[in-house]
Amino acid sequence: MSFTFLVAGGAWFLSNLILTRVAKLPKRLVPTVLLLISVLLASLAFFKNYQKQDKSRNYFAYDYTANILRSADPPALILTDIWDYYAPYLYIHFVEGKDQGKIMLDLELLRRSWYYNFVRQAHPEIYRKSEREIKEFVEAVYPFEHQEEFDPNFIEAKYQNLLSSLVQKNLSDRSVHLMLAKAEAFRRNYYQIPQGMTYRVNSDSQYLPYPPPRFELRGLDDPKIFKDGRTRFHLSFYPIRLEERAKYEEVFGFDSLASELNQLARQLRASLNQNQSI
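Using this note's numbering, the letters of the sequence shown map in sequence onto residues 408 to 685.
Mixed in with the good hints there might be a few duds.
Stated by the list, open to error - With a cut-off of at most 25 Å between alpha-carbon atoms, the simulated SDA-like pairs for lysine to any residue come out as follows: (1) K589 with D611; (2) K505 with P618; (3) K542 with K505; (4) K589 with S612; (5) K565 with R535; (6) K589 with V548; (7) K536 with Q554; (8) K589 with A547; (9) K536 with N596; (10) K631 with A677; (11) K542 with Y493; (12) K542 with E591; (13) K565 with E623; (14) K589 with Y534; (15) K576 with H500; (16) K576 with E546; (17) K631 with P646; (18) K576 with H641; (19) K542 with E515; (20) K536 with S572; (21) K631 with P618; (22) K542 with Q567; (23) K542 with A592; (24) K565 with R519; (25) K536 with F501; (26) K576 with S610; (27) K576 with G626; (28) K542 with L516; (29) K654 with K631; (30) K576 with E591; (31) K505 with H641; (32) K536 with F525; (33) K631 with S463; (34) K505 with F622.
Stated by the list, open to error - Simulated DEER-style distance windows between Cβ atoms: (35) P630 with R539: 50 to 56 Å; (36) E556 with E651: 19 to 25 Å; (37) D662 with R637: 32 to 38 Å; (38) R464 with D558: 35 to 41 Å.
These are computed hints drawn from the structure, not numbers from a lab.
All of these numbers come straight from a predicted model, not from anything done at the bench.
Glycine residues also receive a C-beta, built at the ideal position from the N, C-alpha and C atoms.
Could you build the full structure based on these sequences and the hints that come with them?
Shown next, in the form of structure tokens:
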């Protein structure tokens, strides 16, 4: 903070010196001129950066999570380790009160004991089914959280056992979906079928039908809405997920459906490439 004042004071002194000594401006006009210059510079910065900073019509994060929820058949449990998906879910689920039959949990927060108090209160049915595994993990992670001697392999084993429990104990009465960036060990025990924007978990290779999704992508075709690198990265997964589902349909002989999905993917990718704002 003191450095900022020092820089500002130095800039004011230097400007004052230039205006009075070099430009021969009367001292009484110096404050007015400096004020006008400041307003001009601020205005230039405002108009130059307005498009990038204007978020009033940016629905990409909201729509992405809404499309994830739309991809899951209720009742559903969705496991993710990506905060960009989980944060909008909290708003959609708890503030707007939508998609109450679909529960999303954050795997990174599941590594912290305090998160289970939230799970127990917000999703008691999920907590009860895996209560034993939750308590075992909370006990295992206690030394780590309290800066005591701990065994990382033991903690990780309990964590993976907990994740397997969340999947296995909900498969019978919920559709379980994954949206993970990490290759968690428990994933090796299940089939993961591309469904919309998610991977639906299945205990066997049985075909699971799913109609071509209709994603909501507000602002995608509007070049005036700024799309930064992170936004473009997430948007790129839309055609990828469609193509993955197309390959799945081809394996089971549904070539016409696969062709439709590939066509949707091509159209979406073309739209993404045409409307990238930099």
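Results of checking the hints against the structure:
Under the criterion of a C-alpha separation no larger than 25 Å, the hint pairing K589 with D611 is consistent with the structure, at around 22 Å. This hinted pair checks out: K505 and P618 have alpha carbons roughly 22 Å apart, not beyond 25 Å. Simply put, K542 and K505 have alpha-carbon atoms about 30 Å apart, too far for the 25 Å limit, and the pair is violated. Proposed proximity of K589 and S612 is supported: the alpha carbons are some 23 Å apart, at most 25 Å.
Simply put, K565 and R535 have alpha-carbon atoms about 17 Å apart, close enough for the 25 Å limit, and the pair holds. For the given pair, K589 sits about 20 Å from V548 by alpha-carbon distance, which is consistent with the 25 Å threshold. For the given pair, K536 sits about 30 Å from Q554 by alpha-carbon distance, which is inconsistent with the 25 Å threshold. In summary, the hint linking K589 to A547 is supported, as the alpha carbons are separated by about 22 Å, within the 25 Å threshold.
The hinted pair formed by K536 and N596 meets the criterion: a straight-line CA distance of about 19 Å does not exceed 25 Å. The straight-line distance between the Cα atoms of K631 and A677 is roughly 17 Å, inside the 25 Å bound, and the hint therefore holds. About 24 Å separates the Cα atoms of K542 and Y493, which keeps this hinted pair within 25 Å; it holds. For the suggested pair K542 and E591, the alpha carbons sit about 20 Å apart, so the restraint of at most 25 Å is met.
Proximity of K565 to E623 is assessed by CA-CA distance (about 38 Å); at most 25 Å being required, the pair is judged violated. Our distance criterion of 25 Å between C-alpha atoms is met by K589 and Y534, whose separation comes to about 23 Å. The suggested pairing of K576 with H500 holds, with an alpha-carbon distance near 23 Å, which does not exceed 25 Å. Straight-line distance between C-alpha atoms of K576 and E546 comes to about 21 Å, which keeps the hinted pair within the 25 Å bound.
Proposed proximity of K631 and P646 is supported: the alpha carbons are some 22 Å apart, at most 25 Å. As the CA atoms of K576 and H641 are separated by approximately 30 Å, the hinted pair breaks the 25 Å bound. Taken as a hint, the K542 and E515 pair is honoured in the structure, with Cα atoms around 17 Å apart against an allowance of 25 Å. With a C-alpha separation of about 8 Å, the suggested pairing of K536 with S572 holds against the 25 Å cut-off.
Pair hint K631 plus P618 does not hold up; C-alpha atoms about 32 Å apart against a cutoff of 25 Å. Between K542 and Q567 the alpha-carbon distance is near 13 Å, which keeps this suggested pair within the 25 Å criterion. Proximity of K542 to A592 is assessed by CA-CA distance (about 20 Å); at most 25 Å being required, the pair is judged to hold. Restraint check: the Cα-Cα separation between K565 and R519 comes to about 13 Å, which is no more than 25 Å; the hinted pair holds.
With a C-alpha separation of about 22 Å, the suggested pairing of K536 with F501 holds against the 25 Å cut-off. At most 25 Å may separate the alpha-carbon atoms for a hinted pair to count; K576 and S610 meet this at roughly 12 Å. Between K576 and G626 the alpha-carbon distance is near 39 Å, which puts this suggested pair outside the 25 Å criterion. Restraint check for K542 and L516: satisfied, since their Cα atoms lie roughly 15 Å apart, inside the 25 Å limit.
Straight-line distance between C-alpha atoms of K654 and K631 comes to about 35 Å, which puts the hinted pair past the 25 Å bound. Simply put, K576 and E591 have alpha-carbon atoms about 18 Å apart, close enough for the 25 Å limit, and the pair holds. Restraint check for K505 and H641: satisfied, since their Cα atoms lie roughly 23 Å apart, inside the 25 Å limit. As the CA atoms of K536 and F525 are separated by approximately 15 Å, the hinted pair is consistent with the 25 Å bound.
With a C-alpha separation of about 12 Å, the suggested pairing of K631 with S463 holds against the 25 Å cut-off. Note on K505 and F622: the hinted pairing holds, with a Cα-Cα distance of about 17 Å set against a maximum of 25 Å. A hinted range of 50 to 56 Å for the beta carbons of P630 and R539 is consistent with their spacing of about 54 Å. Taken as a hint, the range 19 to 25 Å is violated for the pair E556 and E651, whose Cβ atoms sit roughly 44 Å apart.
At about 36 Å, the CB distance of D662 to R637 agrees with the hint of 32 to 38 Å. R464 and D558 have their C-beta atoms about 50 Å apart, which leaves the hinted 35 to 41 Å range violated.
Consistency with the previously given hints fails for numbers 3, 7, 13, 18, 21, 27, 29, 36, 38, ordered from lowest to highest.
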